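Number of protein chains: 2
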Amino acid sequence: MILTILGCYAATPRTITNPTSQVLEIKNRMFLIDCGEGTQVQLRKHKLKFSRINHIFISHLHGDHFYGLIGLISTFALLGRKTDLHVYGPKGVKEVTLLQLKLSNSWTTYNLYFHELESTESQVVYEDDKVVVTTIPLKHRVYTNGYHFQEKSGDRKLNIEAVENYEIDTAYYQKIKSGGDITLDDGRVIPNEELTFDPLPAKSYAFCSDTVYTESILPIINNVDVLYHESTFLQSEEQYCEKTMHCTAQQAATIAKKANAGTLVLGHYSTRYGSIEPFKQEALTVFDNVELADDGKVFEF
Amino acid sequence: MILTILGCYAATPRTITNPTSQVLEIKNRMFLIDCGEGTQVQLRKHKLKFSRINHIFISHLHGDHFYGLIGLISTFALLGRKTDLHVYGPKGVKEVTLLQLKLSNSWTTYNLYFHELESTESQVVYEDDKVVVTTIPLKHRVYTNGYHFQEKSGDRKLNIEAVENYEIDTAYYQKIKSGGDITLDDGRVIPNEELTFDPLPAKSYAFCSDTVYTESILPIINNVDVLYHESTFLQSEEQYCEKTMHCTAQQAATIAKKANAGTLVLGHYSTRYGSIEPFKQEALTVFDNVELADDGKVFEF
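Chain order of the listed sequences is A and B.
Note that my numbering numbers the first sequence so that position 255 is 260, with each residue one more than the last.
Note that my numbering numbers the second sequence so that position 105 is 110, with each residue one more than the last.
Chain A extracted, bound-state conformation (with noise of 0.2 Å):
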C-alpha cells in the first residue's frame, strides 16, 4: 500500500505548497482522492501515470479539494484517453464539470461516470475482487465524506514443502490457496491448514479531510491500518475549530487512539504555521504511531 502525498496545505495553493491530493496504490490499483488546483502538474512532478488513474474520490467541493479536477479531465481528453473515468463525489460535481466543458465547447475521448453522492450514511461506493471503498460521513461547513479503502483478504499462502511432500499436482494448488483440503490417491484427507499459511493481513486505509472532531466516524474507521485525518489547527487555535469545522492535531489523534489505528497520518494544514513539525509533537502526546503528511512525501505501509 503505497500513499502519495500531491499537497496537504490548506485553503490556498502557495509556490510552496499545494492544496489537497494524494494518490493510493493498493493492490495495483491506483486511487486518486481529491484534486486541488494544480493536481496534475503535482501528478506529473512525481511521475505517476495519467493512464492508472481509473477513479477519483471528491471529499467535497470546497476549492482546495477539487478546482483541479476539470483541468484533470480537461487534459486527460487532450491526451486521447480512451479508458473509461470514474468521479465519486458530492451531488453537484457533475453538474459543474458537464458546465465547464460545454462552455468550452470540448467533450472527453472517453467515457466519464459521475457517482453523485447525497447520503449521510456510509455506503460502498467502488468494490471490485480486491477492494472495496466506503465513504465516510463527515462533519464540515459543507457536505464532505472521508473514504475508507479496504483490501480484500487475498489467497492462502501455498506451504510448498507441505504440497510437494505430499506429492500433489499443480493443478490443485489454486483450489489450495482458495482454502480447499485435498483428497490423496490413498483415500487420505489433508486438511488445508497443513498446506497453506494465512495470507498477508488485509490492509486498510482511511481518508478523512475536511472535518470538525466527531466520534460518529469510528464505527467505520475502527482497527484501520491507516489513517489519515486532518488537523487544520494545533490547540493554540482550537478556538477556530468549530466556527471553520476542523480538528486540532490532538484531536485527530485522539480519533486515532480510539479507533485503534495502526498510523496516524496528519495533514490538511493551515498555510498560518511555519512549521508542521509542532503538529506531530502535539499528536504524539495522545497517540504514539503519527507520521506527518508532506507535499511530495511517499508512504509505504
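If you're looking for bench data, these hints aren't it; they were derived computationally from the structure.
Note that identical chains are pooled: a pair holds if it fits in a single copy or bridges any two copies.
Okay, derived cross-link-like pairs now, BS3-like style, lysine-lysine, Cα gap no bigger than 27 Å in a straight line:
(1) Lys157 with Lys54
(2) Lys302 with Lys262
(3) Lys248 with Lys107
(4) Lys248 with Lys87
(5) Lys302 with Lys54
(6) Lys107 with Lys144
All of these numbers come straight from a predicted model, not from anything done at the bench.
With chain A held as given, fit chain B onto it using these hints.
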C-alpha cells in the same frame, strides 16, 4: 508599460510551463489577461500584488485560459479582499463561477462584477481617464475576444523656462498643460505651443490569443505599439491551423507587418516543440521586431 508573462503555452499545464496568463501594467493600472490553472501561484511567484488586480480580462472559455479564475476569485475571498473586482469575458463565465461558489457554499468578501461579452463587433469594455480597453473579435473554435489597451494622451509637458520667462503664475499651469493659451496682464496672448512640449506618446498593447489567421483584426490593432499574437505552430505544422483554429509564427508576423505594429511578441506555443527559438526565426523572415514570450519573462515597453 510593463508586461509580465505568467504563462504562454497552449493546452495542458506542465511542470515546466504554464497555460496562458499575463499581467499588463499601464498608466499605473494592473490588468490581468487570461487566467489558466495555476495563475494564482504564478502571481505569487512573481511577487505581483493580488490587491492591485481589479480587472481581469478573459479571452475565451477554454481551460488553458480560464481554469485558474475560480481559484483566484476564491483566494481573494479567503484573504478578505474588500475592493471591487471586475471580470470581462464571454457569456457563461458568470454562471460557472457562481455555480462553483454555490457548490462550495462560499461567497466573496468583495463586490464581484461580471461584464459578459456576446458581440462579434469590437466594443469598449473599460474606460477611465487614462486607459481605454476595446475588444478584438477573434476567430477560434469558441467565442473569443482579444483586448486592445490604449493609453489616452496625457497632459502636455510644461516648458518651465518659457512660463518662468513670462512670469506666469503657477495657478495657470494646469490650464497650460491642458492645452490652453495664456493672456498676460499686458494683453499679449501667448499660444500654448510656446509654453509646452508634446506629451509622451500614448502607448497601446493588443492581446490576440487564440485565433486562426484573420485580417479582420487589422483595423482595430493598426499601429499598435506591442502586439502579442498567438503562434501555436510553426509553418511545418501549418496543416493543423484550420482545424484547431490557431496560427503559425509566420502568420502572426504577417499580421504584425500588416498592422504596422511596433513590436511583435509571440506566445501560445504548442507543447510539442522542444525549443521556442524557431518561432522567432520563422517570424523574423516576415517582420523585423520579434520577441518571444516565455513564462516569467518581463517586458518593458
